[in-house]
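Colleague: All chains should be built: construct the whole structure from the sequences, respecting the hints.
As you go down the protein sequences, you meet chains A, B, C and D in turn.
Position one of the first sequence corresponds to residue 1 (my numbering), numbered consecutively onward.
Position one of the second sequence corresponds to residue 379 (my numbering), numbered consecutively onward.
Position one of the third sequence corresponds to residue 757 (my numbering), numbered consecutively onward.
Position one of the fourth sequence corresponds to residue 1158 (my numbering), numbered consecutively onward.
Among the clues, some could well be false.
Partial list, derived from the structure: chain B residues whose beta carbon lies under 8 Å from chain C [claimed, not checked]:
1. Asp635
2. Leu638
3. Val650
4. Gly652
5. Tyr665
6. Thr666
7. Cys698
8. Lys699
9. Leu754
10. Asn755
11. Phe756
Think about it this way: if two alpha-carbon atoms lie no more than 30 Å apart in a straight line, the pair counts; the simulated DSS-like pairs of lysine-lysine are [as the list claims (entries may be wrong)]:
12. A:Lys264 <-> D:Lys1400
13. D:Lys1305 <-> D:Lys1233
14. D:Lys1220 <-> D:Lys1400
15. C:Lys941 <-> C:Lys999
16. D:Lys1391 <-> D:Lys1272
17. C:Lys984 <-> C:Lys941
18. A:Lys264 <-> C:Lys1145
19. D:Lys1272 <-> B:Lys642
20. A:Lys27 <-> C:Lys964
21. B:Lys642 <-> D:Lys1342
22. C:Lys832 <-> A:Lys264
23. D:Lys1240 <-> D:Lys1169
24. C:Lys942 <-> A:Lys264
25. C:Lys1145 <-> B:Lys642
26. A:Lys264 <-> C:Lys941
27. B:Lys642 <-> D:Lys1400
28. D:Lys1342 <-> D:Lys1385
29. B:Lys642 <-> D:Lys1305
30. C:Lys819 <-> C:Lys990
31. D:Lys1360 <-> D:Lys1382
32. D:Lys1272 <-> D:Lys1305
33. C:Lys941 <-> C:Lys981
34. D:Lys1233 <-> D:Lys1169
35. C:Lys832 <-> C:Lys904
36. C:Lys871 <-> C:Lys959
37. D:Lys1400 <-> D:Lys1382
38. B:Lys642 <-> C:Lys942
39. D:Lys1272 <-> D:Lys1382
40. C:Lys964 <-> A:Lys264
If you are wondering where the hints come from, they were derived from the structure by calculation, not from laboratory data.
Think of the CB as a built atom: it goes at the ideal place given N, C-alpha and C, for glycine as much as any other residue.
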Amino acid sequence: MAALTEEQTMIRDQARSWLTEQYPVQKFREMRDSQAEFAFTPDTWAGMAEMGWPGILVPEQYGGLGLGYLTFGVVLEEIGRQLTASPLFASAFVGASAVMLAGNDQQKQQWLPAIADGSQIVTLASDEGPRHVPAAISMQASRNSGGFELNGNKTFVLEGMAASALVVAARTAGDAGDQQGISLFILAADTDGISRHALATMDSRGYANISFDKVSIPADALLGELDQGYALLEAILDRASAGIAAEMIGTAAQSFDMTLDYLKNREQFGQVIGSFQALGHRAADLYTDKEMARSCMEAALQAIDDNGENIAELCSLSKCKTGDFLHFMSNQLIQIHGGIGMTDEFDAGLYLKRARVLESCYGNQAYHRDRYARLLNF
Amino acid sequence: MAALTEEQTMIRDQARSWLTEQYPVQKFREMRDSQAEFAFTPDTWAGMAEMGWPGILVPEQYGGLGLGYLTFGVVLEEIGRQLTASPLFASAFVGASAVMLAGNDQQKQQWLPAIADGSQIVTLASDEGPRHVPAAISMQASRNSGGFELNGNKTFVLEGMAASALVVAARTAGDAGDQQGISLFILAADTDGISRHALATMDSRGYANISFDKVSIPADALLGELDQGYALLEAILDRASAGIAAEMIGTAAQSFDMTLDYLKNREQFGQVIGSFQALGHRAADLYTDKEMARSCMEAALQAIDDNGENIAELCSLSKCKTGDFLHFMSNQLIQIHGGIGMTDEFDAGLYLKRARVLESCYGNQAYHRDRYARLLNF
Amino acid sequence: MVNATEFRSAVKGWLEENFPLALKGQTAMLLELASVQNNLEGDILLWRQNLAQAGYGAPTWPKAYGGAGLTHPQAKILAEEMKRVGAFNLIPALAGMGVTMVGPTVLEYGTDDQKARHLPGIASGTIRWCLGLSEPSAGSDLASLTTKAVADGDNWLLNGQKTWTSGADISQWCGALVRTDSSAKKRDGISFLMLPMDQAEIKTRPIKLIAGASPFCETFFDDAKASKDDLLGKPNEGWSVIKRLLQHERQSQTSASRTGSAREAFQDTAKRYVGVDAQGRLDDADLRIRLANHLMDATAHSLTVRRIREEARGKVEVSAAASILKNTATQVAQIKSELTLELMGYQGLGWQGDSFNEEELDNVRSWLSGKAMSIYGGSYEVQKNIISKNILGLPENTQKG
Amino acid sequence: MVNATEFRSAVKGWLEENFPLALKGQTAMLLELASVQNNLEGDILLWRQNLAQAGYGAPTWPKAYGGAGLTHPQAKILAEEMKRVGAFNLIPALAGMGVTMVGPTVLEYGTDDQKARHLPGIASGTIRWCLGLSEPSAGSDLASLTTKAVADGDNWLLNGQKTWTSGADISQWCGALVRTDSSAKKRDGISFLMLPMDQAEIKTRPIKLIAGASPFCETFFDDAKASKDDLLGKPNEGWSVIKRLLQHERQSQTSASRTGSAREAFQDTAKRYVGVDAQGRLDDADLRIRLANHLMDATAHSLTVRRIREEARGKVEVSAAASILKNTATQVAQIKSELTLELMGYQGLGWQGDSFNEEELDNVRSWLSGKAMSIYGGSYEVQKNIISKNILGLPENTQKG
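Modeller: This is the structure in structure tokens:
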């Protein structure tokens, strides 16, 4: 953990105790088994709102706490540890980032306070196929009399069913593959012509495919400049990557702790298995990767807070290294636990399934390795 | 080892005992320290010729033994174990393959018997830069009155100083990068206009850079069809890759044996170090990789003997897997031996240095991974 | 003995007469069905009966015990011909652990009476066997088992709990490893008992796995009875029986190919999901390299299986190389699932519902259940211990076993 | 204590007056020279003397012992300003193991007399120290050393052989780990003695390495004398002294960056050798991915060094994290050499001669000598034992140490 401020330490401790007491992973399991409508329970979300979490990023002038990205990361990490289900990340981190980066003052006035108090759930709808390729957007936003008409499909929209509003990336010019000609819009999720289809994913989180059929939106739904949305979209996605990496570190760190605990307590062949050198060294590898990934994750969030010059680089670094570690860790979580890890009643499977979904979100390791190289110009 | 025929077993046993008795790695070290002119000692080459090794590939009608590639592989493996220096591979394997694949009957009559009895050393000169990219050949072979004139440079020609004749790939049409327009020629290495520059490489093997300045050669120096040399070149390189993989397996297997021996005998902390589980498991990994690489190596040589359909695929597979194993093995040879492995008086360094050079020859692992994917059409 | 050509032609003729054409190409369905269901009907029942009658359920076993007494080369021809006409030998799946593990071990260690009583039921696919080996607190350390059997007249009385007993809920017989002498050292005092599952003193409870429902059960013995005639091998020397049995298991797990695998080449699946660039290369250079590595590893594994067979000159025997092949087979299969998940992108992350096709949902299940390959049948780590000790001759390390 | 701004300005002034401009940017030359040569001349001698006078050779040491009594933040400012003007503190290289390892340990364990006698020579760069730790048959198992010292009047008499004594042939003093009580258990009965190298009873023999000539020697003690006043710490408790000393060594090896590294970004070197495609991507997609991974690992390592420093809130102390940082630093450096070798292609394979340029030949040497990074100073495996035991609290495994 970085050298946290006193405030960050307080928030972390509060988050940890609230989540482990009120919403341990067992609650996530119950939610999964009960097949909750939006893949989270309303009381979780209400509790988070009560603690002010949805307002962590939102500046004070818009009703939030303005505490910044690293602080939000501290909370996301604790959430990742318990797999706590809520629309917090989708709305208060990604949605809020979109409005903060791209919105004019009127749009900020309209959306940020509602995000901060949890009354609106704003989510980003960007990808259109099974893979994350931002420039490939082909959804059409054509001019009509009152503003724009949206036609097309969005896939794997996080909290897409629970969302009350969508930030949509669509093409106002150019062709799929062009960076130029993409624009962002914000609109209510129940606008006529929108149909949403819930996805039953292996990690039991809320995703939706969303189709847009002649969806009319007013001109002032445009977020940022016309045709210039790609850079904004990349900036939003950078923040999303950095944030989800914090959640991933939490998921992986919890997996590490479970594994270390097992290594210290499980006996085989007359000794605790952690005394077998091959497993001891593997634990050392996992620990080393964990520390490296954490450094990258914190540096990316810090760079966003500092408005540093190398945000994009650090966010790709963070998503990639965190993804690599989570991949390795989640497989070892099962392997080291052996047979018990294979059973559904033990929690390892929940973490493994979540791990692969998190790796895929906002670009997997391969995507960010390539992007990192592009950013470094080779 | 494959299910060898009786003949192959006999040849292997003979090669092993001759090499370990007459030319163990200590002889290679002496050759290195004496800086022998062609990076091998004449008596080694004479001894090999006496045993008929240069004629292993050459058909009986041309004065050879016609025993095939897998049998030659058996010998190369034993050579790789002792790092025995000679032009055997360059001439009797690669050079002979070139003539056998591309030569007309007259050319075969001219060159093969001389290769088989060791009186000619024929080597392939193909690459022109620091990396192996066959299609990038830009050396010019322009028509002149009597035949062709060669102008250009060749790099890293194996046994380039010792060679009495060269198989040269040059461009008779098209541009660097085109597969079409490459032709092969065979010519005496002392032809006017050729200058050769010995390279002092880290593995103390004989390589040369060769420049061609207005080198006039007769029309019948053309090997194979005009402009159609690329497919032939690829076929020659496939065989070269498959053969050097056999040598690599030998070098790696010897490294493995040295390491295993050390693991069984070196004591630290009051026990032999092979009893530390982390090292025992690493030895298991090395052994597994060794067996996998051997299977690929033998399958490639066998496929050439059988004139199979997937020779190219198997040769790339073989070079890549053998290279990966040799890379891993040579690093672990040093690591597991610790301090003693770092000293020049111990042999590990000789094997490590040879390993990297062998990996680079005829395309490194990255080259063959890419080629394998191309061959499988993805 | 007939020569290969004659034998092949005889097999062809037999298949023409005995294989119900309605089952042609139904390999996956037959495997699925035979793995979970005992009562067959119609063509499937007929096919099982025909196989059994010819001894083709366990073709290399002696005719006296329900086999066909074939040589291994002949058995290979039989398998090839079956595959050629789209037939599938469903008896191994019907017999649970019978054909692959229990049978070969009974053939080696059993009395004539045991062979006569047990092998025909297995070879005909009418008796399904499960194995009670692992226990909740033992895991890979099989020898620390605590399930006990005490002599009681003509029977042994078993008490204790087993876990990971695959198919216990649908099996008719069980091979159980039990402690028969508590005073002996860990690996001594263990015996291998065979007992019928149809007794009130045995209870089974299915285990739900991370991939969903599973064939595995917890199995509870509460004064369960095994006949004294059904102790395999010598009393208190069950450890050597089980070692052999596990070698047979390892042997049966050295193949990387999975039944029912797609006919489409893996790289074509990748191209379908990921797309290609102008040069026809997979449109994800990073994934392309890892895919190439995977395909090379898979080929290297297959070539090694073939080479080791050839070196053994046809003697298909339980070899020490099985440990390396088990581990490479595991890696190849697990990495294939991971790569498939990755190349499918978001479509690879589904659990159910019509947003995901069958191929996608199947991959998630087999990705998850495949994690067990490096755990069961001697874990990845245990195999490495075996390689290091038994093949390489390195001294025993702290991890015994 | 002066504040940071004032201090920085004072350092600037001092450098303007004391740093000979002819040495500007000559870091690599100064390092090379100071590592192998004792007798300096001209500007270099002047610069050493000026550094020594200001106490800037070992700036955080007390003034009384030749240091400048700086805080760590001040020392950082000093280093920054030196770098800014192209200056380089050559005293650590002149002192051999003195500044980085012996000095800090003497400061902690030494008597006032020992500090007064030994530290000023180190801090001024006039006394070079070597360390006699490893022995031929011991390797990583330092505690099994057999070099003995027996009391003889006011002296200890040393007999035995050390190896890997870096710089023994040019050092004036040596810190040697010796057995002073043969009856005690392995780690007891060991003492740390300091002795002058200029005596006929000590002989050194340079060791040639795979990369060529090396600073390492074999060192033979044949009734060599150490004064009784020069036993560091308590008699027979040298093990705790050496553990601390090795922690200082590990600490000094946690930085992945090597001095004299190229100013060109690594990816630009790669592009220069390999070329780029139409999109500006490295023309070897496979290498490109591994290069990206390497650069990410290098950055992750640096960020971790920084984070751990920040978490320690400026307290630069010997931390348990040093073991993970030593291993990641090693990996980053070794992989960089391997990648460089690979991207240079045939040009990366030279040993000597004008067919290869200096950059190419240098890389071969540093690739080879860099293999030692995972062997010396506690091998890669030993560091993992330390992580597993000391950081993670896993139980002792069979490999003690």
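Colleague: Sort out which numbered hints this structure fails and list those numbers smallest first.
Modeller: Hint check: 1, 13, 19, 22, 35 fail, others pass.
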